[in-house]
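Engineer: Line by line, the protein sequences give chains A and B. Taken in order, the first sequence gives residues 604 to 962; the numbers are from this note's numbering. Taken in order, the second sequence gives residues -16 to 287; the numbers are from this note's numbering.
By construction, these hints were calculated from the structure, which means they are not laboratory data.
Distance ranges between label pairs, derived from CB positions:
hint, chain 1, residue 1, chain 2, residue 2, range
1, A, Glu813, B, Ala143, 48 to 56 Å
2, A, Gly706, B, Phe204, 35 to 43 Å
3, B, Leu273, A, Thr852, 40 to 48 Å
4, A, Gly706, B, Phe135, 48 to 56 Å
5, B, Pro253, A, Pro692, 27 to 35 Å
Pairs of lysine to any residue residues, derived as SDA-like cross-links and limited to a Cα-Cα distance of at most 20 Å, are as follows:
hint, chain 1, residue 1, chain 2, residue 2
6, A, Lys827, B, Leu272
7, A, Lys860, B, Asn208
8, A, Lys860, B, Asp260
9, B, Lys154, B, Met174
10, A, Lys860, A, Leu758
11, A, Lys860, B, Ile265
With the Cβ distance kept under 8 Å, some of the chain B side facing chain A (calculated, not the full set):
hint, residue
12, Thr83
13, Leu86
14, Val102
15, Tyr258
16, Leu271
17, Leu272
Here the structure is a predicted model, which is why all the values come from computation and not from measurement. Quick reminder that beta carbons are idealized off the backbone N, C-alpha and C, glycines included.
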Amino acid sequence: MRVPAEQRRRALLLLGAVLIVAWANGDLRFAGVSGWGSYTVRIINLCAINAVLAMSLNLLCGFTGQFSLGHAGFMALGAYTTALLTMEPATKKMVFFMTPQWGPLQNLLLPFLPALVLAGLVTGFFSLLVGVPALRLRGDYLGIATLGFAEIIRLILQNVRRVTNGALGLKGIPPVTNLWWTLGTATFTYFALRNLLASSYGRAFKSIRENETAAQAMGIDLFKHKLISFVVSSSLAGMGGGLLAALLTTIDPVMFKFPLTFQVLLTVVLGGMGSLSGSVLAAAIVTYLMEFLRVVEEPHYLSFMTIRGIPGLRTVIFSLALVVVVIWYPRGLMGDRELTVATVTGYLKKRWPGRRGAG
Amino acid sequence: MEALRLPIAMFLQHLANAISLGSLYALVAIGYTMVYGILRLINFAHGDLLMLAAYVVYYSQGMFHLPWPVSISLSVVVTMCLGIVVERAAYRPLRDSPRTTILISAIGVSFLVENLGLVVFGGRPQSFPLPRFLDIGSATQIGSVTVENITFAIPVVTLALLYALLYIVHKTKTGMAMRAVARDVDTARLMGIDVDRIIATTFALGSALAAVGGIMWAMKFPQINPLMGMMPGMKCFIAAVFGGIGNVSGAVAGGFILGVAEIMIVAFLPAISGYRDAFAFIILIGTLLLRPTGLVGEKAAEKV
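So that you can see chain A by itself, here it is in the shape it has in the complex (with noise of 0.2 Å):
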């Protein structure tokens, strides 16, 4: 039988990449040479999960026009979903020395699939009590309740100590997360939202972007397609917030303070409004950023002289360049354009007309 030939191309990318993967994340030996090593893993890792975080709320602010500072309330309870669904019960025991904890969660032990889809879930169920009540709000006030929303979740959570402990926190997280996960679910969410943003609820979604009076007078439920939005938006956003858990192991209440919608806004922004390839190329230009700009916090001793590194500037960095791209550059690396094999091949095709174009 004969496969076509986009098929085919299709089969051996895929192929390809799981081989890699496989290499980097150390299932597999070649050469005698096995990873990445931790520290570029780790990396990638995160690049992956703020991929996620990013499209997931690219879908909202990018390309529902949205405005939502949520994202980490979200993220919190995804996070601490998971943790509490994956911890062995004598780590729980060992964690909850001051309040113990409530009896049926002390026993409660799933895998890591089921937990992070329940994570996904449960979040997406509270982002559905919080979002008939904000979606009622337009514009920098849904901005201002989403985010009033998200510090009450937090403070919840820091106060309901038989559940989740309190503001200590909860340490000894299994680290499942591995290169699987994580760019697994980056994979998964970006042919999802590509294909949600591709039928008749994503032209909705942006038609209301665009202009919700119009789109209203075109019959669209504006609440019913806003809610949807922010739903799958949100439920993304706790599969991140879970991913996150399990890669770092230490969750608390104060790293889901506003900062972390921050950085992710931030990446949103960078990467264009309305362009899911570009939240992906910003998540990792950004997280790789962080770790790289690490040198100008750090002290550099010299033969002759010492460097005293600046701790902080990182983010003065990123804030900077926050205001610099609004102002002078709205649209982002990409703005609302995809980077597709497509386009890539195209833009090839143009520059070297010669040839056949890569792939």
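Add chain B to chain A, keeping to what the hints say.
Structural biologist: Using the frame of chain A, we list chain B on its own:
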């Protein structure tokens, strides 16, 4: 309910604290409401002006040993300058952009100021010096309760500044121009008002009030750190929304009510004191959903 059997002396102490916290909220909320009235912009960086004002006083006292009146005036001037610079650099180029774009810029500026604060001032909390003049640094014994003198000074200063501000807004030509710009920017420009100058003046006035608020905040809670403006800033914005955004007296009323309610809830219901910060956000969400125009705000039609 044992909590309700609060001794009267304790109650008076809480009341004094509540009123001074309410005055601080009111003072800072005015800045939010004035800027929102004119630009329809949540000036996220407004709360960070508090921090800057406190640090200017801290350094002018600790390093240069300036007299108190000089260092307070210096702090007000520096904060005003920062307010004007922020407006010119981050908001003016975006004045015709969608409102959420300006909001993102405002959030960016706020983080920039906070983190510059961390870089320049260091992240360690510093203890704020208390002035000797007028005995503000000491405390007064009334019956069985002790109240710091600053607690009494704050409402007095707030009321004086509020009176001055209302005079400027309602009796002077600049104030009239400010009200005109808030009503309709384009028409105001046609009437020969220099809109850019009026907006800068608004930022300057709001920042000056924030500076005084920040200095008094640091005297009342004498531990300063570069992130100290974050939470108060948020709460003062909430106070402004609660009172009716765009309205100066509304912001003052909102600030007082929020401050009093916050202290009283912690005093009467210690069991839920962990949710103290959530209370403001509940007020915010309730206001936005039930009465978006706030306590005294007038109904404004949303322009499409």
